[in-house]
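Residue numbers (my numbering), protein chains in the order written: chain A, 20 to 270; chain B, 66 to 462.
Hints listed in this document are in silico derivations from the structure and should not be mistaken for laboratory results.
Just so you know, even glycine gets a beta-carbon here, dropped at the ideal spot from N, CA and C.
Hints are supplied without guarantee of correctness; some may be wrong.
[Unchecked claim] Computed footprint of chain B on chain A, listed as stretches where at least three residues anywhere in the stretch have a Cβ under 8 Å from a Cβ of chain B: (1) 105-117; (2) 120-134.
[Claimed, not checked] Where chain A lies over chain B, by a calculated footprint (3+ residues, C-beta under 8 Å): (3) 401-409; (4) 415-423; (5) 426-436.
[Stated by the list, open to error] Per label pair, the in silico range of CB-to-CB distance: (6) B/375 <-> A/156: 43 to 49 Å; (7) A/169 <-> B/375: 40 to 46 Å; (8) A/147 <-> B/396: 39 to 45 Å; (9) A/166 <-> B/124: 47 to 53 Å.
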Amino acid sequence: MSKLLQIKDLHAKIGNKEILKGLSLDLEAGKVHAVMGPNGAGKSTLSKAVVGHYDVEVTGGNILYKGKSIKEMEPEERALEGIFLSFQNPVEIPGVNNAYFLRTALNAKRKHEGKEELNAAEFLRAMKQHLEELGMKSDMISRSLNVGFSGGEKKRNEILQMLILEPEVIILDEIDSGLDIDALRAVSEGINKMKDGKRTFLVITHYSRILDYIEPDYIHVLKEGRIIKTAGPELVTKLEAEGYDSIEEEQ
Amino acid sequence: MKPAELKDKSTKELTALFNVKGREPLLEKFVSMGLPDKKSEEYRYFDIEKLLDAEYNTLDYIPKPIQEGDKIEIVDGVVTTAPKGLRIYYEQCDAMDMDHFDPLYYLGHILSPNVIKIEIDGDAELELVHRFTQSNALISYRIVLLNQSNRHATLYERFIEDEIADTLVLYGYDMHIAQDSTLRVVKTQHMQKQRYAMVASHKINVANRANALLKSFDLGGDLGLQLLKVDLNTYAHVEAGHLLYLNHASRRGTVSKIVHKGQHSSSQQEAKNILDGNARGIFDALIKVEHSAKYTKAHQNSKAILLNKDAYMVAKPQLEIYIDELEASHGSTTGQLDEQQLFYLQSRGISYVEARKMLVIAFANTLIETVKDSRHQEQIKAAFEKAFYQGHTKDEQ
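Isolated chain B, as found in the complex:
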């Protein structure tokens, strides 16, 4: 399959290609938005056309018996392992967002008529491993995540790939965070060069008085974009933190739209970006405060450190506000390492190269240390340091 060939196809032609019975509005939405290209606002800084223009093998998503294990494992879009007692099953998705900004959100749903549904009981702490084993494949799957009211659950997500090449992964969540609950999702993804590219298009609905704590730690090379749409209801809160450490010619980042719909809702979004080689980081984030969202608090910030003269950061924090009764701020800085801090370390006998490394790791740690669980915090620190020491281009003084 060559996704680019879906461009300019009519609803009728697409209906003949995909199983969309009962989901026709989804197809119409996709047709009206069209496939993204370099002119599309959300993909402007990401080379989506090249990815969509390649020929991929498609996979048969045949559900297998789920083995009992200590974590959820999804291999090439199929659930293979899950903890005992966890409700995880395939089902047609019945609650899609018909107002998502990303056409690939709709394409993902079209390609995945059955989604993986995970119902998290109580105050569970789950680990989800995505594994990719196929080269030249289009791996497409979607997950619906549900939690329970008045509960505080956590999902740790990470990615493993075999020695594959040139695969495209389209996946994403539809998360429904129940009222008065908290859902933490901590994603760590260390991508290797030219193994797979990923577009992850998510929708997160945060119900009244619920909290969504979303942390993403995107490390290494290659192409990856996460597109988040978050709807906040009354007294709902989202705290989103994104760490990027990119090297080589990587293009990765976050495109997000946080929509304040309910009164007293609040959002706090922070991006920390460390760019090496000739990497390009993307933080294109819009916070929209609707008329209905009085007394909102909305803050977003992006900081980027460029470690190489060829590295580049696209930082576009944006606020779109339709009311007066709110507290809002946004900001963005891009620069080098702090000279004073660097000198202070050197003045204690620490070499220039080591001091730079300490400061880069420190910059990342301020976000990593917001992960409360110490074991996972240490794992993320180790993953970051591994990516940094592997990928850091030669220091030049």
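Excised from the complex, chain A in its bound form:
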């Protein structure tokens, strides 16, 4: 199986604090990888490091996407190449119309791929079906980006972006936080729809609830800045029953 994203001995810090301490992880194409771990283990730092967040300084190791290092790439270059992060807390941007934002992002991607840009009418037609699938009201795209959105609406908007941008590596950071059952189901259906045997999902979560909806192929336990164990989905049951302290690092 081909490795879409390879994280090799990654060291990264935020401010003066080293958070990732030699993290290695291979993400296979077409698979769902779940990264679980206690608070402060470095889960969000891992996702930020992959997308090039300004908070995170990579001090060692490498991140390869399709065999090519992305460590020095700007965030927008990584996005255009096909890496997508669904944020735990998407920011609100008053004054940026959601539809305008989505169309600008989509057209940036299309331009990068050498395709023609969509005009407003073509874009809205393309959006209609996605909105229905996610149970989003059409007025949500005419409002300012994430402004006044509930927690569930923000997450649906993240998934909407994922659906239209069609990335190849999809990182879902605490996608289930703040979601009620209906929203969780809608969001999960959106994610499952993207599974095509080629894309890779990296699901970062505290709890196993989301994994009932998005079935993982691999569970990785992240503790103190390193992946200490990788196993199949059966590991979730053990973690639920015994907690992270029960996991010993694999040699």
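Following the hints, complete the assembly by docking chain B onto the known chain A.
Leaving out everything else, chain B in the frame of chain A:
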């Protein structure tokens, strides 16, 4: 004429120069305040001395027959066009504010013995275009604006200039907003570099239970200052929004004094400032709550984004309060674009340069979108984007 030469002239000398018969208190007031200079509080951050020290041609303000048109047009201080049926005429001003903080308010009245009086009927929506065609000129005129009780009128104001240079425009309103009425004034002014400078000194009296909604969208370069004095009577309300987008070495802004005189009066003042190049923005705003203005609500806020290390914002929101029974707040922030917002856009494949532009336009849009009429809202958005794309200095990452 060189306005600076009026400095230190006695009342007698000025009486000989200007037609002030019957308006002597006005002249005395001007003499007592003197011409503003760099030490004057209201002009401290604006290079007024340089403007007043230049030699200007003076114009003859000869009223012409007013042509019928879909908007009011004032060319170099003379009304040329007005909609049919609109009461617009020249008259001596009989209701000036003798307590204005700006000496140029008085100079404007001295230079303009006859003001342009506009009486707005009913729920009218009017458009006023100011046009300037003369170089090296001192263009001075004043407008008295009256509306009717229980009516809701709107005035959209914009400015056009020919290929002129080094002109100084002194103009301003005396607005009398009738009780139980609403008057909206939306000003859009995109100034080009070194064509004309403007000092606009206004007085707005908001009668009992009336609303003044004042929006100014000041874009581009050059020198411009609006000085607002607003008096609020019982249950009167003012909502003032000021957007500045400045580039190059522009110096522009708002100096204001909102005076709460009546009980239950309310004011909401918001300034959004985007400064590029080595521009300087000015928001020097005082809200004064007098003893008579119990149960007042007064809020003011200024936010500034600096797009260049050489840009500078002078933000001085101030409250002067003489009672306890009120609700008041003020605040000011100056900074760069929000990093989190910038990153969010980049993480969706939008370039750094485009993301910056989107955020700047978004910042401006929050104020532009308070203009209710969608056509005018779109026009202002287009004017802003044009000014921004023309004037934005090269992005540096």
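Hint by hint, here is what the structure shows:
1. 105-117: Per the Cβ count (7), the hint holds.
2. 120-134: Held - the segment 120-134 of chain A has 6 residues with a Cβ nearer than 8 Å to chain B, which meets the minimum of three.
3. 401-409: Since 6 is at least three, the answer is holds.
4. 415-423: holds (count 6)
5. 426-436: Our answer is that it holds, as 7 residues pass the Cβ test (under 8 Å) against chain A, meeting three.
6. B/375 <-> A/156: 43 to 49 Å: Since residue 375 of chain B and residue 156 of chain A have Cβ atoms about 45 Å apart, the given range 43 to 49 Å holds.
7. A/169 <-> B/375: 40 to 46 Å: Holds, since residue 169 of chain A and residue 375 of chain B (Cβ atoms, about 42 Å apart) stay within the stated range.
8. A/147 <-> B/396: 39 to 45 Å: Distance hint for residue 147 of chain A, residue 396 of chain B holds at roughly 42 Å.
9. A/166 <-> B/124: 47 to 53 Å: 49 Å, holds
In this structure, none of the earlier numbered hints is contradicted; all agree with it.
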